[in-house]
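Sequences listed follow chains A and B, in order. The opening position of the first sequence corresponds to residue 1 in this note's numbering, with each subsequent residue numbered one higher. The opening position of the second sequence corresponds to residue 135 in this note's numbering, with each subsequent residue numbered one higher.
A few of these clues could be false.
[Said to hold, decoys possible] To list a few chain B residues with every Cβ distance to chain A over 12 Å, as calculated:
(1) I175
(2) D202
(3) Q208
(4) N254
(5) V273
(6) Y309
(7) G366
(8) A367
(9) M377
(10) G457
(11) R485
(12) E488
(13) P497
[Said to hold, decoys possible] Simulated crosslink set (DSBU-like; lysine-lysine; CA at most 30 Å straight-line):
(14) K97(A) / K461(B)
(15) K97(A) / K462(B)
(16) K356(B) / K97(A)
(17) K400(B) / K266(B)
Derived from the structure by calculation, the hints contain no laboratory data. Idealized CB from N, CA, C, for every residue including glycine.
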Amino acid sequence: MSKGDGIYPEDLRYTKEHEWLEVRGNVATVGITQYAQAELGDIVYVELPQAGAAIVAGEPFGTVESVKAVSELFAPTSGTVAEVNAGLAQSPDQVNKDPYGEGWMIRITMADPGEADALMTAAQYRKYVEDEAN
Amino acid sequence: MESSAGAALRRTPLNTLFRDLGARLVDFAGWEMPVQFTSVIDEHVAVRTAAGLFDVSHMGEIEVEGPDALALVQRVTCNDASRLVVGQAHYTGLLNERGGFVDDILVYRRGADRFLLVVNAGNTDKDFAWVKSHTRGEVRVDNASARWAQIAIQGPRSEEILRPLCAGDLRAIAYYHFAEMTVKGAACIVSRTGYTGEDGFEIYGPTGAAADLFSALLQAGKGAGLLPCGLGARDTLRLEARMPLYGNDIDDTTTPLEAGLKWIVKTGKGEFIGRDALLRQEKEGVGRRLVGFEMVDRGIARHGYAVRHDGREIGLVTSGTFGPYVKKNIGMAYVPPGLAEPGARFAVVIREREAAAVVVPAPFYKRAR
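Using the sequences and the hints given, assemble the complete structure.
Following this line, the structure appears as structure tokens:
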């Protein structure tokens, strides 16, 4: 899957820092996009907050590391960490293999579910990525 | 693509081939080089289990020839070049008066009075000026880097892949020895050396023949699992094999004695630049030693991270990564001599968190012989 393949599920929202958000009621699941994982290369380590930690929109909440580099993860919305994907400790490569599925990172109980509306749609994100690549 | 200095990046003869292969290119020491072709991990594992192919044409070649060539090489390096037979190479240091590294290099003996110094890409101009400035008597010192391309094939299946392209017997080339032979029609130096910890060869040839040779090797190695490899895998491979990288683990302030490279220092051979400083250091003892370590707590140690013991900062990580074959987070750091033995524990500071690490015996990985 190369970064040109542009897989961006329609039911998700997207950020400029290449995270995706899936909202169910007032709980948001967060991960990084297929474009981001292709850019980073082989992911070997993911550092995530504990359940109960406070999350502030726009602030870093963890890091994702490839062999060569460390990248910060930025919170798409504010809230509290409800759940963390413990499987990534053993298999960080799930972020590469299945960025929208098994590669999910944290679930947030959102302070304001309306915050998601300000994020990009799949179509807007696709355009954003194409512009960035050129 | 421009380097940070604003000048255009230098390109090796294989640049067009890399673009055709879809490599991700980066600026390395002012050269446009592939960091990876497919994945750093896949390329790394290919070298350990089958074979990998590297362009290392950015490295420098300095020819030192003439009746006073051996004397010059002996004066500017710390290992004993008089022990090299024709067809043999060794690893050595170009040292300054303080015993610190100007560069770590290979010296090849092509004749009684003919030597080839192979130097790091980022140090080529500096090394050439240094060697030239210490020239005495009848000797020609030439920066021949523009005339030489270099391709490395590394991994257990290297010899079987390279053999059909060579007009010579590769089996006859022992480790750290070389032969001058025709490879795919071009006059080359083929040496059994490398920067990965695996069996393999470094092939030095005319720049005009490089692209052809690289393509031919890729083709020849397809069935054996050969992958083209970039600088990303080159770095993880050498770190697993606990080989130092100039600029990271050694520089002009570190001596071979501090860096665990006492074996390349032959003070008995006679005068050389840095000898007095090293003899003094041997007598007084080193103030720090380069060690290899593994992370005990979660986290990856990286170049520049602080090392702490009992709450005090005692050193810095010089190189660190996730080792794709050993599947551990490994690294090297300078620590006080008291903490330099296997089993010693310290902490690496990773984004303000102290993560435990333990010193382990070198190397992290050793191939089965």
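Evaluated hints:
no., hint, verdict
1, I175, "violated, 4 Å"
2, D202, "holds, 44 Å"
3, Q208, "holds, 39 Å"
4, N254, "holds, 19 Å"
5, V273, "holds, 41 Å"
6, Y309, "holds, 28 Å"
7, G366, "violated, 6 Å"
8, A367, "violated, 9 Å"
9, M377, "holds, 17 Å"
10, G457, "violated, 10 Å"
11, R485, "violated, 7 Å"
12, E488, "holds, 14 Å"
13, P497, "holds, 19 Å"
14, K97(A) / K461(B), "holds, 18 Å"
15, K97(A) / K462(B), "holds, 21 Å"
16, K356(B) / K97(A), "holds, 25 Å"
17, K400(B) / K266(B), "holds, 22 Å"
The structure fails hints 1, 7, 8, 10, 11 (numbered hints given earlier, in ascending order).
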